[in-house]
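Undergrad: Take a look at the letters that make up each chain.
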Amino acid sequence: MAVDKEELKRLLVEFCTKKAAFKSKMYIKDMYAACPDASPREVKNAANELVREGKLEFFSSGSTVMYGVPGFGKGVEEAFEEEKAE
Amino acid sequence: MAEVKKHATPMCDELKKGSWPSFVDDIEQKGLAGKQECLDLLGQLELSFKHKETHWKHGGIVGVFGYGGGVIGRYSDAPEQFPSIAHFHTVRVNQPNGKFYSSAFLRKMCDIWDYRGSGMTNLHGSTGDLVMLGTKSDQLEPIFFDFTHQMSVDLGGSGSNLRTPECCMGKSRCEWACIDTQGIIYDLTQTFQDELHRPAFPYKFKFKSSGCPNDCVAAIARSDCSIIGTWRDEIRIDQAAVAAYMAGELKPNAGAHSDRDWGKFDIQKEVIDLCPTKCMWMEGKTLKIDNRECTRCMHCINVMPVALRPGVDTGATILMGAKAPILDGAQISTLVIPFIKMEPPYDEFKDFVGSIWDWWMEEGKNRERFGELLQRQSIQELLRRTGLKAIPQMVKEPRSNPYVFWSADEVEGGWKRDAAEFRKRHAA
Numbered sequence: 001m002a003v004d005k006e007e008l009k010r011l012l013v014e015f016c017t018k019k020a021a022f023k024s025k026m027y028i029k030d031m032y033a034a035c036p037d038a039s040p041r042e043v044k045n046a047a048n049e050l051v052r053e054g055k056l057e058f059f060s061s062g063s064t065v066m067y068g069v070p071g072f073g074k075g076v077e078e079a080f081e082e083e084k085a086e
Numbered sequence: 001m002a003e004v005k006k007h008a009t010p011m012c013d014e015l016k017k018g019s020w021p022s023f024v025d026d027i028e029q030k031g032l033a034g035k036q037e038c039l040d041l042l043g044q045l046e047l048s049f050k051h052k053e054t055h056w057k058h059g060g061i062v063g064v065f066g067y068g069g070g071v072i073g074r075y076s077d078a079p080e081q082f083p084s085i086a087h088f089h090t091v092r093v094n095q096p097n098g099k100f101y102s103s104a105f106l107r108k109m110c111d112i113w114d115y116r117g118s119g120m121t122n123l124h125g126s127t128g129d130l131v132m133l134g135t136k137s138d139q140l141e142p143i144f145f146d147f148t149h150q151m152s153v154d155l156g157g158s159g160s161n162l163r164t165p166e167c168c169m170g171k172s173r174c175e176w177a178c179i180d181t182q183g184i185i186y187d188l189t190q191t192f193q194d195e196l197h198r199p200a201f202p203y204k205f206k207f208k209s210s211g212c213p214n215d216c217v218a219a220i221a222r223s224d225c226s227i228i229g230t231w232r233d234e235i236r237i238d239q240a241a242v243a244a245y246m247a248g249e250l251k252p253n254a255g256a257h258s259d260r261d262w263g264k265f266d267i268q269k270e271v272i273d274l275c276p277t278k279c280m281w282m283e284g285k286t287l288k289i290d291n292r293e294c295t296r297c298m299h300c301i302n303v304m305p306v307a308l309r310p311g312v313d314t315g316a317t318i319l320m321g322a323k324a325p326i327l328d329g330a331q332i333s334t335l336v337i338p339f340i341k342m343e344p345p346y347d348e349f350k351d352f353v354g355s356i357w358d359w360w361m362e363e364g365k366n367r368e369r370f371g372e373l374l375q376r377q378s379i380q381e382l383l384r385r386t387g388l389k390a391i392p393q394m395v396k397e398p399r400s401n402p403y404v405f406w407s408a409d410e411v412e413g414g415w416k417r418d419a420a421e422f423r424k425r426h427a428a
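Chains as they are written, first to last, in our numbering: chain A, 1 to 86; chain B, 1 to 428.
If you're looking for bench data, these hints aren't it; they were derived computationally from the structure.
Keep in mind it's a predicted model, so treat the numbers as computed, not measured.
It is possible that part of the hints are untrue.
Pairs of lysine-lysine residues, derived as PhoX-like cross-links and limited to a Cα-Cα distance of at most 25 Å, are as follows [stated by the list, open to error]:
1. B:365 <-> A:19
2. B:99 <-> B:171
3. A:18 <-> B:365
4. B:365 <-> A:9
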């Protein structure tokens, strides 16, 4: 079923922000639950557009890429800088 | 030359002994020429040998804007001892198809990497990318700018993305190429840019294409989707050349393996008896092939390349699901399409890939490769999802997967039937 893209993006931001409070990094597959009517490809495209808009961010381990919400959780880079400052 | 500090590395130095080239030697030479990163890298390796554990952290928000892959974050957990490799990110660069370079291109890439990175490279990684080893986070955007604007190359794939598609040299150098591997891989790379650079999948996905069944890029063993050139008509035979091989006028295997005397060429022993389906025989001085039985193993063509050539009605065989052991064991590809013409714009193939991805994105678990999904949900599900027809080659071996499961809509009346009515006719 085709879902309105702007509505899907709104649902995704809402879902991720809520989830990020206790789990800051999520797989694309976890995000399908934000809108069960949307196809996986639609969710992926909307999520990537949100990354371009700066509302979500990528987190890469090198072998797996996850999504995060800016400001939630700690990036490794940030943790690294903190460790160095200590 | 910049002043550099060499660490004591007695265990690493052991690896310099012996007659083989040593990566320790190479890295040390580069370090002593002014790259502290190289010497710190060896120092950290020595520390890892001593502690028997790695001193790399892994992962993080490193990358270039808008890309979810291409950069692999790497940090040392001993930055005080080895400050120059505190950040040591790897950058993957999408290689040109067939890995054709000019020396000017390679020099320029090395200049950029000497300036912005550790100066160390790995040509090539397993997926085929140029791997640029060791740089700092603040260099990533300038590197990306230089690569895309000066060198006209893009980053490769990493993470849960489409990985950099790879192919053999194909028709550019090889007389056996049955498909235009470079054309196919270029087209797929352009078409699936979004899948390459931004995470889309439960895990990695690889396309590899070989021009003939010799499969020089080992697509059948290494890629989730192998595109391997083949033919569906008859092997072309030049009987005069067959006679020349038998008379010793032409060297078998195009002169390969000729470093010792193997004796006179024996077509029976070296070609006919080694045919896996026994589809070749001699009638007097004429070589005969029962092409219906040929499995395209390429052995006879490899041994007598002047006498035998692939047919002219060429296309590709598509196989799915190879992988190295990460979660489950290693798997080799499963044949799904025995023959497809593979002509631009490859729409039939792309539609097939779309149906595969829809299935995998819907049903695949996190970090589950397509081959594992195929194993978990069956070939029958693959057929249902893609609309392909079943073929005998999909049966792994006799009696291993003979069961046919019907779905409700394939059975008259579905699963609902009147049991009482049934029992009137059939005693329990």
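Undergrad: Decide, hint by hint, whether the structure agrees.
TA: Right, here's what the structure says about each hint:
1. Between the alpha carbons of residue 365 of chain B and residue 19 of chain A the distance comes to roughly 19 Å, so the proposed pair stays at or under 25 Å and holds.
2. Among the hinted pairs, residue 99 of chain B with residue 171 of chain B is consistent with the structure: their alpha-carbon atoms are about 13 Å apart, no more than 25 Å.
3. For the given pair, residue 18 of chain A sits about 23 Å from residue 365 of chain B by alpha-carbon distance, which is consistent with the 25 Å threshold.
4. At roughly 23 Å between alpha-carbon atoms, residue 365 of chain B and residue 9 of chain A fall within 25 Å of each other, so this suggested pair holds.
Taken one by one, the earlier hints all hold for this structure without exception.
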